[in-house]
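Put chain B with the ligands on the given structure of chain A with help from the hints.
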Amino acid sequence: MLAALAWRNLWRRPQRTVLSLISIALVTGLLVFMLSFQEGVYGAMKEATLRIFDGYAQLQPPGWADDPTLERAIDRPAALVRQAERLRGVGAAAPRVNAFAILAHGERSYGAAVVGVDPDRERRVSSIASTIRTGRYLAAGDSDAAILGETLARNLDLAVGGEVTVLGSARDGSVAVDVLHVVGLYRSGVPDLDRTILEMPLARAQDTFGMQGAANTIAVGGPSLAAVDGAVPALRTLGRQAGVSLRDWAALEPALREAIELKYAVAMLFYATLVVVVAFIILNTLLMSVLERTREFGMLLALGMRPGQIGAMVWIELLGLALLGCLVGLVVGGGVTLWLEARGIVYPIDPRLLAQFGLPTRLYPALTPLSALFGPVALLMAITVGGIAPYLRVTGLTPALAMRAP
Amino acid sequence: MSVIIRCRGVEKIYRQGAVEVPALRGVDVDIVAGDFATLSGPSGSGKTTLLSLMGGLDRPSAGEITVDGQALGDLDNNRLADLRLRKIGFVFQTYSLIPVLSSAENVEFILRLLGTPPGEREARAREVLAQVGLAGLEARRPSRLSGGQQQRVAVARALATRPAIVLADEPTANLDSRTAEDLIALMADLNTASGMTFLIATHDARVIAHSRRRIEMIDGRITADEGHGAPVAA
Ligand SMILES: Nc1ncnc2c1ncn2[C@@H]1O[C@H](COP(=O)(O)OP(=O)(O)OP(=O)(O)O)[C@@H](O)[C@H]1O
Ligand SMILES: [Mg+2]
Numbered sequence: 267m268l269a270a271l272a273w274r275n276l277w278r279r280p281q282r283t284v285l286s287l288i289s290i291a292l293v294t295g296l297l298v299f300m301l302s303f304q305e306g307v308y309g310a311m312k313e314a315t316l317r318i319f320d321g322y323a324q325l326q327p328p329g330w331a332d333d334p335t336l337e338r339a340i341d342r343p344a345a346l347v348r349q350a351e352r353l354r355g356v357g358a359a360a361p362r363v364n365a366f367a368i369l370a371h372g373e374r375s376y377g378a379a380v381v382g383v384d385p386d387r388e389r390r391v392s393s394i395a396s397t398i399r400t401g402r403y404l405a406a407g408d409s410d411a412a413i414l415g416e417t418l419a420r421n422l423d424l425a426v427g428g429e430v431t432v433l434g435s436a437r438d439g440s441v442a443v444d445v446l447h448v449v450g451l452y453r454s455g456v457p458d459l460d461r462t463i464l465e466m467p468l469a470r471a472q473d474t475f476g477m478q479g480a481a482n483t484i485a486v487g488g489p490s491l492a493a494v495d496g497a498v499p500a501l502r503t504l505g506r507q508a509g510v511s512l513r514d515w516a517a518l519e520p521a522l523r524e525a526i527e528l529k530y531a532v533a534m535l536f537y538a539t540l541v542v543v544v545a546f547i548i549l550n551t552l553l554m555s556v557l558e559r560t561r562e563f564g565m566l567l568a569l570g571m572r573p574g575q576i577g578a579m580v581w582i583e584l585l586g587l588a589l590l591g592c593l594v595g596l597v598v599g600g601g602v603t604l605w606l607e608a609r610g611i612v613y614p615i616d617p618r619l620l621a622q623f624g625l626p627t628r629l630y631p632a633l634t635p636l637s638a639l640f641g642p643v644a645l646l647m648a649i650t651v652g653g654i655a656p657y658l659r660v661t662g663l664t665p666a667l668a669m670r671a672p
Numbered sequence: 658m659s660v661i662i663r664c665r666g667v668e669k670i671y672r673q674g675a676v677e678v679p680a681l682r683g684v685d686v687d688i689v690a691g692d693f694a695t696l697s698g699p700s701g702s703g704k705t706t707l708l709s710l711m712g713g714l715d716r717p718s719a720g721e722i723t724v725d726g727q728a729l730g731d732l733d734n735n736r737l738a739d740l741r742l743r744k745i746g747f748v749f750q751t752y753s754l755i756p757v758l759s760s761a762e763n764v765e766f767i768l769r770l771l772g773t774p775p776g777e778r779e780a781r782a783r784e785v786l787a788q789v790g791l792a793g794l795e796a797r798r799p800s801r802l803s804g805g806q807q808q809r810v811a812v813a814r815a816l817a818t819r820p821a822i823v824l825a826d827e828p829t830a831n832l833d834s835r836t837a838e839d840l841i842a843l844m845a846d847l848n849t850a851s852g853m854t855f856l857i858a859t860h861d862a863r864v865i866a867h868s869r870r871r872i873e874m875i876d877g878r879i880t881a882d883e884g885h886g887a888p889v890a891a
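Chains as they are written, first to last, in my numbering: chain A, 267 to 672; chain B, 658 to 891.
Hints were generated in silico from the structure; no laboratory data involved.
Treat the hints with care, as some may be off.
[What the hints assert, rightly or not] Covered, in the sense of this in silico footprint (three residues per stretch, anywhere, with C-beta under 8 Å from a C-beta of chain B), are these stretches of chain A: (1) 413-422; (2) 521-529; (3) 572-586; (4) 658-669.
[Said to hold, decoys possible] From the structure, some residues in chain B lie toward chain A, with a derived Cβ separation under 8 Å: (5) Asp715; (6) Ala719; (7) Gln727; (8) Arg741; (9) Phe747; (10) Val757; (11) Ile767; (12) Leu768; (13) Arg769.
We put the beta carbon where it would ideally sit given N, CA and C, even for glycine.
If we strip away everything but chain A, and leave its shape as in the complex, we get (with noise of 0.2 Å):
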């Protein structure tokens, strides 16, 4: 009943109600086309940078992230290749050997990361694959083939069809020696990338350090991060079963996941002034109309209406106009969201640029629960918590003064 009456009392004025309600529609909208945006923008940072070597996530042995040294090892990597690669989420999951050598050509010497890879596998979960720029990159089959980064291969003088001397230490703290032929230069565009990581064939590598059969590390890529970060818990149970520990993309990318917070929470908080203001306007508003219906409220009090009841119709009044306008801002938002995601959104950079840094030449805008729902749920409890100021103006009122006003 008082539902009803609500709902008769809010269309009493159109214009005004029409009004609130594209304000509420209009800054429901954008925020969660806003927002879809950020989290488009994120996502696509997040899995440029995860897919270039990281993976969207890793299978690593307990300690690895505080002490990655040789020792700490999964021993039996391909049955847990095969269990990972069989989970829903989960594109390839690719075996690593991850070790520290000295590289030496000629005169020249350097310390560098050598990771002996899968090729087919890592193709799947990085892309370095993708960025070599002269030569080829590592195939099924080779045995003393590399590739490198070209500022590594700058620094050691070195070039495709060159030979380069690995020397390290083994699992067992012997010493590892071998000769690699170089058959590709990439350029990841991570110069951190460029200048240390050297890749090898997986055998070759486990060979050479005395890994017997063992990997580091597992990568783990997918058709996308959400797809991997969906199998999270599934990747983690299978590592627990198996004594090794899961890190996702946070864990390995700390620094990124908090420069996406901090971008957050500054975005946030404008969004939330936004709120706050739209909120202080509606409500505003709706003090104003019911001033201008204290004599009716002190008719109805007459009739026999409890204060309260009277209250909670203002409540319900200002509830389903925040309702109703966030309803059409989320399907209105929602639709131009998921347009715009099906059709992705051109930026103004020199396409080729992106390309040559793995990233995509459109942006996405991605409508999750958080963007489609921090806007209606934030500004509809702003607009309820705020109600509270009509209802007490309309139950602390005396009847007889009430119908006394103008």
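Structure of chain B with the ligands alone, referenced to chain A:
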């Protein structure tokens, strides 16, 4: 005869900042079942104030009011609202109706507050609207009714709940004389036919002419009470 409203030593002082405006200065009066009483007096004499206090729309500064044996001073605001709902019908000079509801819905609304089942509500609304001569206008909203018709809806609404008393404050003030005459005749009929008790604050001589009990006020005091069985002992 049973007393419906009993006022003893009722005073009301309005405070406007530092200024105190005494609106009632000690009112003793009993309204008994079956009364068709008018309350008249010059503007500012306290008629509206007295009606408001009797109906529990405000609280007296001093004195005691009982409605149907219930002392209003003992009731909190919710219980006062419930008492108004069950025992008192109001008709005001204007704005007696809920503007967004049709005449039938205005009547049904109060029945709904009382918890009357839906089927019964509709039938009752139809019945009382017919009784006040508004058959056929059930679906009209107040804005599309004349002033007299609006007042009739308010009367019908009071009729629907069978309150112990109907308090009317200048019900004819905004009506032309024909309409005013019809409205007051309707109230008088209801009084004689169904024994509904009325207390009507009014300046209107025609209304006063219909009344069987004439209470007069001047300056916050009752100065005359004609037609009542016996003057109230203080
Ligand atoms: N809210 C208020 N604040 C201050 N004074 C008030 C208030 N309401 C009424 N008064 C004063 O109380 C006195 C009685 O007012 P009331 O409205 O009861 O008179 P009335 O007899 O109904 O007059 P009228 O015939 O003009 O309707 C008047 O002097 C009025 O100015
Ligand atoms: Mg008056």
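Here's how the hints hold up against the structure:
Counting residues of the stretch 413-422 of chain A whose C-beta lies closer than 8 Å to any C-beta of chain B gives 0; at least three are required, and the coverage claim is violated. Only when three residues or more bring their CB closer than 8 Å to a CB of chain B does the claim for the stretch 521-529 of chain A stand; here the count is 0, and the claim is violated. For the stretch 572-586 of chain A, the proposed coverage by chain B is satisfied: 3 residues have a C-beta within less than 8 Å of a C-beta in that chain, meeting the threshold of three. Check on the stretch 658-669 of chain A: 5 of its residues sit with their Cβ under 8 Å from a Cβ of chain B, so the three-residue criterion for coverage holds.
Annotation: aspartate 715 of chain B was flagged as interfacial toward chain A, and the flag holds, the nearest CB pair being 4 Å apart, inside 8 Å. Below 8 Å, beta-carbon pairs count as interface contacts, and alanine 719 of chain B has none with chain A, the closest being about 16 Å; its hint is therefore violated. Evaluation of the glutamine 727 of chain B hint against chain A yields a violated restraint, the C-beta minimum of about 14 Å exceeding 8 Å. A least Cβ separation of about 4 Å between arginine 741 of chain B and chain A falls short of the 8 Å threshold, and the interface hint therefore holds.
Below 8 Å, beta-carbon pairs count as interface contacts, and phenylalanine 747 of chain B has one with chain A at about 5 Å; its hint therefore holds. Checking valine 757 of chain B against chain A by beta carbon gives a least distance of about 4 Å; that is within 8 Å, so the hint holds. The restraint placing isoleucine 767 of chain B at the interface with chain A holds, with a minimum CB-CB distance near 6 Å, inside the 8 Å limit. Taking 8 Å as the C-beta contact cut-off toward chain A, the hint placing leucine 768 of chain B at the interface is violated, the least distance being around 11 Å.
Annotation: arginine 769 of chain B was flagged as interfacial toward chain A, and the flag holds, the nearest CB pair being 5 Å apart, inside 8 Å.
Hints 1, 2, 6, 7 and 12 from the list above are not met by this structure, while the remaining hints are.
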